[in-house]
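Enquirer: So the protein sequences, as listed, match chains A and B. Here numbering that gives the first Met the number 0 is used: the first residue of the first sequence is 0, the next is one more, and so on. Here numbering that gives the first Met the number 0 is used: the first residue of the second sequence is 0, the next is one more, and so on.
These aren't lab readings, by the way, just hints derived from the structure by calculation. Accuracy of the hints is not assured; some may be wrong.
Stated by the list, open to error - Here are the simulated DSSO-like cross-link-like pairs (lysine-lysine), alpha carbons at most 30 Å apart as the crow flies: (1) A:K282 with B:K424; (2) A:K10 with A:K343; (3) A:K45 with B:K19.
Treat the numbers as computed from the prediction; the structure is a model and nothing was measured.
2 protein chains.
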Amino acid sequence: MRTIKIDEASKKRLLEDLLKRSPNNYDSYTEAVNAVIADVKKQGDKAVFAYTKQFDQVELDATNIRVTKEEIEEAYDLVEQELIDVIRKALINIKNYHEKQRQNSWFDSQPNGIILGQKVTPLEKVGVYVPGGKAVYPSSVLMNIMPAKVAGVSKIIMTTPPGKDGKVNPNTLVAANEAGADEIYKVGGAQAIAALAFGTECIPKVDKIVGPGNIYVALAKKAVFGYVSIDSVAGPSEILVIADETANPRFVAADLLSQAEHDELASAVLVTTSEELAKAVSKEVEDFVAVLSRKEILEKSLDNYGYILLVKDLEEAIDVANEIASEHLEIVTKDPFTVMTKIKNAGAIFLGEYSSEPLGDYFAGPNHVLPTNGTAKFFSPLGVDDFMKKSSIISYSKEALEPIHKDIIKFAEAEQLTAHANSIKVRFES
Amino acid sequence: MRTIKIDEASKKRLLEDLLKRSPNNYDSYTEAVNAVIADVKKQGDKAVFAYTKQFDQVELDATNIRVTKEEIEEAYDLVEQELIDVIRKALINIKNYHEKQRQNSWFDSQPNGIILGQKVTPLEKVGVYVPGGKAVYPSSVLMNIMPAKVAGVSKIIMTTPPGKDGKVNPNTLVAANEAGADEIYKVGGAQAIAALAFGTECIPKVDKIVGPGNIYVALAKKAVFGYVSIDSVAGPSEILVIADETANPRFVAADLLSQAEHDELASAVLVTTSEELAKAVSKEVEDFVAVLSRKEILEKSLDNYGYILLVKDLEEAIDVANEIASEHLEIVTKDPFTVMTKIKNAGAIFLGEYSSEPLGDYFAGPNHVLPTNGTAKFFSPLGVDDFMKKSSIISYSKEALEPIHKDIIKFAEAEQLTAHANSIKVRFES
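One chain only, chain A, in its complex shape (with noise of 0.2 Å):
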């Protein structure tokens, strides 16, 4: 891995890199995913059974288009049972995270007769995008699923694109089984999209879609965004590690490349006060990649997003990592806490030599779907909050009201909105 010192010009580099690699770059595939949708709007499940048959090579009808009760069940059969078992575990920690996040409505009177409050109510149904072809994630169907359920939406429906055999992957079956998935249809890209956003004869219109997806879903979502919600646009993953002096640099090592090698875009940078560390951690990554399977990918995402970063002491490498807004943040120096409370930006943060990203991956219960590419300055995790919404609740009495009308009179008429004053007036009128 290249080591470099940082400095005002090499940190303004770096994070133009980091950048280049945002789904908004990809601008050119817009009018073929705007087509599908267009096409999937006007014409429902023979636009989708169509593209489908073009794109996976699977003939759909309205007789096979979801998947049964009796695929749900075959696919446990060709699931190991250490899997499934390694699946309910998981869940338990993924409910008790999410279910500590949930959010009450709340109510507040005052004596005067005044009641304001915030109403907090589940969506109603949610669509949970599952991508298909080689890399089957079903940590990601647990993730996607489990905070709709603990906010109580009623109706969780997965798409995911058939293999060629007009099959769904058994382990993305379980997976979204254990976790509630409540329809699941075989139906994946810009078109998956687009049915869940509008609904087909077959398939439920939703009120938000989630999921990850190539790049035709994220331009999907992206352009149904107004009449449905959606998650954040998924870019690229990366991790960031902090560590001093302390730190094991074969533990660091290992972690970075859990990153690296998602994908060519994947990018790992080491941030470190020490030169001693950096350079164990650039020896031990060698050595990794020499022997781990993933081998090809590891080397062009290191070489192309892949950097350890010199800076003089940790409050650099705290600005560092706040400016480059990583999704996944490890702390490993001799007081973590301390330095977690000086982040402002990250996805998630790991603190400490035994708690490693792949720990938050499958296991300890937050969620692993992240902002990436520096939305961590403004997104979240996905989280319950994203499956409730708000109403604010309002009442007051004839005695509230009375002495402030005058003033909301007068805003109103600031305004030029007379009908506004006039409500108010007509309940003062003698």
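Since chain A is already given, all that's left is putting chain B on it; use the hints.
Expert: Just chain B, lined up with the frame of chain A:
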């Protein structure tokens, strides 16, 4: 107002009718907006100055783009003291309500050395767009700035188009200053949104952009979503009143008109169990329209999107209200609280006959920036949450990781992510 007995067919037509007002249907402007954005992204201030000259007929440069302290002081001289006093009173209520929304960071420690948590951090920089032109709404300035202020946003950057004299409306300036805007720039339209999203020499890049605007502003916000966060794309205003025979028809009529006056796309719907009330409200509406100053707008919006719907009972009224998911919902029935508990979808809910909608627009405290056009099914009122984001916290001890480390390895290997598995393995190699 037209009165119809509701049935499935009429309900479907009505819903389709209302959704036609969606800002998502104005795709024809997209190209023009995208050109402005690309230009500002590439050329910065130069493009901002050129578009301001083109659209606002104002010559901007680096010396006059930002509103000065002197201009703010001048604005105070131009605004009635009485209005300033009302703004200050309203701000106290708005601040108090939003302070109740603030979520805290939390941590949860388990005896085996597991610490999980959620850190809540304010966004650093937020852009607030304020429309210019004929309709000036200082209340909207308060509602957009105050939740960001309560969240603890460090820098609130406002942009608003200048008048032909190169000045910003004094009511807008006073409201912005009272609410706590840190910097104000005289830029409007898609060029303002682009400047906030990407930064220019004069205007800082922000993390999130909020605030209403015309179709160009709405489309520009949608286009920059992902580079920055945005609030929901606002549509035309609307009110739905659920009323039974106990309601005062004069109050109900006045409240319907308070939203119908906004613009020709505004919608006002009464859903009532009482034919007598329907008739009385219809009559009162006619009488009010004849004397109110915004008669022409009122007539058009009522013609297009005004309805009195007769339902057989309150349950049906609640169903209709949940399907329409109105921005504003008034419940004027014998027992409004019981009805409210059954409401799933609404931006703000007003209970009882003295809680008229304009009370919420100006004074009660809850935000008046609300989801419109059916989006209350998945969006929330603007609030403190919109200006804060979360990071998950994960800290495991060696003792906590040991008993589950094989589970994580199993899961990672099932996903063929061998570097993920490796990062757990290295911690327990002998």
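Enquirer: Evaluate each hint against the coordinates.
Expert: Tested hints:
1. Annotation: proposed proximity of A:K282 to B:K424 holds, straight-line Cα distance about 18 Å (limit 30 Å).
2. Under the criterion of a C-alpha separation no larger than 30 Å, the hint pairing A:K10 with A:K343 is consistent with the structure, at around 18 Å.
3. Taken as a hint, the A:K45 and B:K19 pair is honoured in the structure, with Cα atoms around 24 Å apart against an allowance of 30 Å.
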